[in-house]
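S.K.: As a plain string of letters, each chain reads:
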Amino acid sequence: MTTQSLPARTDAPARTPAVRASGRGGRRLLRQRAGRQHHAGPLAYVLLAIMAILSIFPLYWTMVAASTDNTRVSQTPPPFLPGPNLFSNLARAWDEAAMGKAMINSLIVAGVIALSTVLFATLAGFAFAKLRFKGRNALLMLVIGTMMVPPQLAVVPLFMMMADLGWSQQLPAVIFPTLVSAVGVFFMRQYLTEALPDELVEAGRVDGAHSLRIFFSIVLPIARPAMAVLFMITFVHAWNDFFWPFVVLDMTNPTVPVALTQLSAGYVRDQSLIMAGALLGTLPLLAMFIVFGRQIVSGIMAGAVKG
Amino acid sequence: MATSTTKPLTGGEPPRPSPGTSGGDAPRRRGALWHRLDIKGAPYAFVAPFFIIFAAFSFYPLIYTSWISLHDVELATLDVMEWVAFDNYVELWGDSRFWNALQNTITIGVISTVPQLLMALGMAHLLNYRMRASLFFRVASLVPYATSVAAAALVFTMIFERDFGMINWALGSVGIDPVDWEADKWPAQIAISTIVIWRWTGYNALLYLAAMQAIPADRYEAASLDGATRWQQFIHVTVPGIRSTIVFTIVLSTIGATQLFGEPLIFGQGPNGVTGGADNQYQTLGLLLYEEGWKNYQMGRSATVAWAMFMLLVLVFVVQRVVKRLRSRTS
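If you read the protein sequences in the order shown, they are chains A and R. Quick note on this note's numbering: the first sequence kicks off at 1 and runs consecutively. Quick note on this note's numbering: the second sequence kicks off at 1001 and runs consecutively.
Calculated directly from the structure, the hints in this document are not laboratory data. This one's a predicted model, so the numbers in the text were calculated from it and none came from an experiment. Some clues are possibly wrong.
Using C-beta positions, here's what the derived DEER-type ranges look like [stated by the list, open to error]:
#, chain 1, residue 1, chain 2, residue 2, range
1, A, Met63, R, Ala1045, 22 to 30 Å
2, A, Gly135, R, Val1251, 24 to 32 Å
3, A, Leu142, R, Arg1219, 34 to 42 Å
4, R, Arg1132, A, Met63, 22 to 30 Å
5, R, Gly1241, A, His210, 43 to 51 Å
6, A, His210, R, Arg1130, 44 to 52 Å
7, R, Asp1177, A, Ser88, 35 to 43 Å
8, R, Ser1066, A, Arg72, 36 to 44 Å
9, A, Asn70, R, Val1114, 32 to 40 Å
10, A, Leu115, R, Gly1175, 51 to 59 Å
11, A, Thr252, R, Lys1324, 16 to 24 Å
12, R, Asp1079, A, Gly83, 32 to 40 Å
To give an idea of the chain R side of the interface with chain A (calculated C-beta under 8 Å), a few residues [stated by the list, open to error]:
#, residue
13, Phe1054
14, Arg1138
15, Phe1164
16, Ile1167
17, Leu1171
18, Tyr1297
19, Ala1303
Backbone N, C-alpha and C define an ideal beta-carbon position, used for all residues, glycine too.
Taking the hints into account, I'd like the entire structure generated from these sequences.
M.R.: Okay, here's the thing in structure tokens:
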């Protein structure tokens, strides 16, 4: 199934009952376990198709609106098929609405945040999963506890800090507060607990490798699939992050979501331009989901089961 | 102390390799010391970056928020802080905009969270069937998650447009009068909730699906031997089986609901956005926080709103705990 690439917690408990069932000679039981309940009937397909359409339609319609001219968008009934102006509208959004600069900024911000989150989460996740040290459980509880604190509550002091540092309206103001993620640490810990055999770490110790060496030559190769998934998920979040960038950046140096708000703020609303901007800002992530959809789905599902 | 276990390695001697020693076992001793330092210190060094950055950019600001909330601070002169004790809190308590924002945050939170999680549950159940194209359906359900708040809110603002929006056109075609989705309170809150529901239902469905797949098959087998229908199996096996995941999603959605900001801001189309409509009909606490700080330039009052949001969150979880305890006592 899709969880294959990430042998994390999700699969582990599922396997044992199946083995036990076959031991009892219940072949039918085993097959049902493998099939996970029943086959889908026609009704299930219809309902899922409706849900898929509802999920995709707003984006499809973004494309439709971005490809027509302004007067056509504002007619009733609204257009349902793409028009001829897609590329000219995209080009206008890129130039006029600062979307070009915003895309490059978002690429930098999301790239740096995702890289640093993955690196630090793997380091800490490895320590929490396989190294023994005093206060390990207490510190892990602290990591989980920090997930419950919404970042929005800290914006006022954070804004003052950035003013002090001279980072207002600049990308470091957006990058630094999100360099690490508690969810990432927890995710990598779950993965490495399952995927990294204790014997490998021990063997490295016997060979006289120090911890950092073990991290680079033993942990990293094994952690790579989970790191890739964490990178993509963090990238999506950083690309789409709204509140703090909106507070600290302005239109001279925006990220994509900040630039999009400005598009809608004009008194004369150019609907096709707005939709072209929204489409442009979403395209990189959509492309990523189309290419790596399987990995992202399995990553989200692997991180799901927790106590 | 735990140090005693590693002592034999260095032969019980104080671990202080003097640079002048040229004895044959000095490098070995130095190596042993290095090894011990590595074993003891490396774990802390590995988890340190997370805690240092979290402390600097999350924990410290969070605490500092409460200190600022006891002062008057203007946006233009951030380093001038005037002590006013609890004045900001008293003013907030007497401010009808605060109670309005609190009410809107709660109602939008309920309208967006309850249907979202129920639909996600149904969707996960469907995705859990054995079927063709299951990967397509899963990726499709995640497409909204890949869309930013900003892009999603812009599209839905157009779909809910009063004069040429698709929803009013569809309503009109079945003979229902057009709804003013922005200016009227409840329609606006429903439209904003729709954006939240659209973005997060598929994501939650995948979390539920992962938990459902971990339920042992023999529980279903036992239930069907007892003559349970599929619906009864869903209620008595599936839902209890994924209980901890349901709690987890409720916690996440509740936190998200108290922080709601981008959806109402963009739905209000820029200039009106911060006030949450002409009559504040959909202003949330998040918007009020921003309005106080960055439109009225009162950072102290903004911090007070942030602290009130935090207390709201704490209150929700205390109530949830109490309800849970009462319920387990009665049953």
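S.K.: A separate judgement is required for each hint: does it hold in the structure or not?
M.R.: Structure-based check of all given hints:
1. A:Met63 <-> R:Ala1045: 22 to 30 Å: With a Cβ separation near 49 Å, methionine 63 (chain A) and alanine 1045 (chain R) fall outside 22 to 30 Å, so the hint is violated.
2. A:Gly135 <-> R:Val1251: 24 to 32 Å: 25 Å, holds
3. A:Leu142 <-> R:Arg1219: 34 to 42 Å: 35 Å, holds
4. R:Arg1132 <-> A:Met63: 22 to 30 Å: This hint holds: roughly 27 Å between Cβ atoms.
5. R:Gly1241 <-> A:His210: 43 to 51 Å: Because 44 Å falls inside the window, the suggested range holds.
6. A:His210 <-> R:Arg1130: 44 to 52 Å: The hinted range 44 to 52 Å holds for histidine 210 (chain A) and arginine 1130 (chain R), with Cβ atoms some 49 Å apart.
7. R:Asp1177 <-> A:Ser88: 35 to 43 Å: 37 Å Cβ-Cβ, so the 35 to 43 Å window holds.
8. R:Ser1066 <-> A:Arg72: 36 to 44 Å: Violated, since serine 1066 (chain R) and arginine 72 (chain A) (Cβ atoms, about 53 Å apart) do not stay within the stated range.
9. A:Asn70 <-> R:Val1114: 32 to 40 Å: This hint holds: roughly 38 Å between Cβ atoms.
10. A:Leu115 <-> R:Gly1175: 51 to 59 Å: Once the Cβ atoms are compared, 56 Å apart, the range 51 to 59 Å for glycine 1175 (chain R) and leucine 115 (chain A) holds.
11. A:Thr252 <-> R:Lys1324: 16 to 24 Å: Check failed, 50 Å falls outside 16 to 24 Å.
12. R:Asp1079 <-> A:Gly83: 32 to 40 Å: 54 Å, violated
13. Phe1054: 6 Å, holds
14. Arg1138: 5 Å, holds
15. Phe1164: 5 Å, holds
16. Ile1167: Result: violated, 10 Å to nearest chain A Cβ.
17. Leu1171: 12 Å, violated
18. Tyr1297: Since the shortest Cβ distance to chain A is 12 Å, the answer is violated.
19. Ala1303: 4 Å, holds
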